[in-house]
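J.: Listed below are the residues making up each chain.
2 protein chains.
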Amino acid sequence: MTNPTAAMIVIGDEILSGRTRDSNMNHLARELTKTGVDLKEVRVVSDEREAIVSAVQALSAAYTHVFTSGGIGPTHDDITADCVAAAFGVHIDIREDAYQLLHAHYDRRGSEFNAARQRMARIPDGAALIDNPVSIAPGFVLENVYVMAGVPSVFEAMVASVLPTLTGGAPLLSQTLRIERGEGEIAGPLSALAADFPDLSIGSYPYQQDGAYGANIVIRGQDGARIDAAMSRLNDLFPG
Amino acid sequence: MTNPTAAMIVIGDEILSGRTRDSNMNHLARELTKTGVDLKEVRVVSDEREAIVSAVQALSAAYTHVFTSGGIGPTHDDITADCVAAAFGVHIDIREDAYQLLHAHYDRRGSEFNAARQRMARIPDGAALIDNPVSIAPGFVLENVYVMAGVPSVFEAMVASVLPTLTGGAPLLSQTLRIERGEGEIAGPLSALAADFPDLSIGSYPYQQDGAYGANIVIRGQDGARIDAAMSRLNDLFPG
Chain A
1 MTNPTAAMIV
11 IGDEILSGRT
21 RDSNMNHLAR
31 ELTKTGVDLK
41 EVRVVSDERE
51 AIVSAVQALS
61 AAYTHVFTSG
71 GIGPTHDDIT
81 ADCVAAAFGV
91 HIDIREDAYQ
101 LLHAHYDRRG
111 SEFNAARQRM
121 ARIPDGAALI
131 DNPVSIAPGF
141 VLENVYVMAG
151 VPSVFEAMVA
161 SVLPTLTGGA
171 PLLSQTLRIE
181 RGEGEIAGPL
191 SALAADFPDL
201 SIGSYPYQQD
211 GAYGANIVIR
221 GQDGARIDAA
231 MSRLNDLFPG
Chain B
1 MTNPTAAMIV
11 IGDEILSGRT
21 RDSNMNHLAR
31 ELTKTGVDLK
41 EVRVVSDERE
51 AIVSAVQALS
61 AAYTHVFTSG
71 GIGPTHDDIT
81 ADCVAAAFGV
91 HIDIREDAYQ
101 LLHAHYDRRG
111 SEFNAARQRM
121 ARIPDGAALI
131 DNPVSIAPGF
141 VLENVYVMAG
151 VPSVFEAMVA
161 SVLPTLTGGA
171 PLLSQTLRIE
181 RGEGEIAGPL
191 SALAADFPDL
201 SIGSYPYQQD
211 GAYGANIVIR
221 GQDGARIDAA
231 MSRLNDLFPG
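Chains as they are written, first to last, in the UniProt record's numbering: chain A, 1 to 240; chain B, 1 to 240.
Think of the hints as simulated: they come from the structure by calculation, not from any bench. Hints are supplied without guarantee of correctness; some may be wrong.
Copies of the same chain look alike in the list, so a pair counts if it works inside one copy or between any two.
Below, simulated SDA-like cross-link-like pairs (lysine to any residue); rule was C-alpha separation at most 25 Å, straight line [stated by the list, open to error]: (1) Lys34 - Glu48; (2) Lys34 - Pro198; (3) Lys34 - Thr167; (4) Lys34 - Ser46; (5) Lys34 - Thr64; (6) Lys34 - Ala51; (7) Lys34 - Met231; (8) Lys34 - Arg19; (9) Lys34 - Gly18; (10) Lys34 - Arg21; (11) Lys34 - Ala194; (12) Lys34 - Pro133.
Nothing here was measured: the structure is a model prediction, and the numbers come from that model.
Given these sequences and hints, build the entire structure.
T.: Here it is in structure tokens:
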């Protein structure tokens, strides 16, 4: 069985200018791996309509699920919801249930529910809301695109709301062996091992520490017994 | 004057599985911003030939420069050089100057210069080498694509080799104001400010700290005097 696939779109000039380090990609990647959904591609795009619309169209056509991060707040540079609606050619406007959620929230806080905040109730036609227990303003899912906030605590809460609704495959299992030799010494035998286990993914991730070279060899797959077999061969090849 | 544009391709299943956090994107983003090159898009793709080839073709056609990170070591999963050659339809083989560099390096270290290490001398026809002062195995530039290592210390050294060769535009300047109010309260005036300064990019990046909402407003542009003017208006709008 092959797993469902996924892509992510990170929206934000602040990532591309280097001002902010994205952490949502790593969080989503780890959660999807546990769920048995294969994250195949991530795109970081700027806060520009063209860029967001074309990324949504390309990735929603190519993968089972698409997750977006960022651009759904109340300010003028938050254009993700409108872009996702445009990508699917559907109408977008303030929706009653989202409006009421937000209205009640700002009433409780004693804050004005002004035009900017009302923008966060703009939801494309046909979308379902994604719960936001942190700051109320909902995300939404339209077709196979899950639209979530960029603030990490909110993004993570939305991911937690969404993941139980996905049908995953077998979770990706992995084992790692740290080998304190340069990749150049281990590449030959490793390549032969990879050829003998075509059902597994065998990756080599080099490091340099205190002037010494080494590599972490990670064997990934869905069948734990096969991973055990490959690890046992790997341990025989590089003892100690 | 508009700045040259750039895209980045991060190659590696270890990022997509969440096992490793990428740090090269943030490093490159900061360095390009200082140089006056606008990073417009980043794609993280898996160690699969199709994925790498099509990302190289799409992005090299769309942007002034493309930078890649990862997949140029000696192991079987290092396929970037071959994929970049394929993307441009050029031949790739072991090249004499790269071979000699590596040969001398392993001789000095007293290590065998075996077939796996010799693979790192595979350079597409027509490429120029990128210096690697850290671990010798060179990167290369073919057409407008700069192919660099994924290990952060090596990636950063290669970026330092490459950046002085680029013709940048005016460096992107920025100023930030931290406003301790929810985005919903500041969005209206902020939108009016953005409309009055169409030559600047005004971004709002919300945060939540100890239960309080706030936002960092970042004003970016190439003209320092214009940024000063917009910041002064912003300070008047949200004093203290």
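J.: Which of the numbered hints above does this structure break?
T.: Going through the list in order, the structure violates no hint and respects every one.
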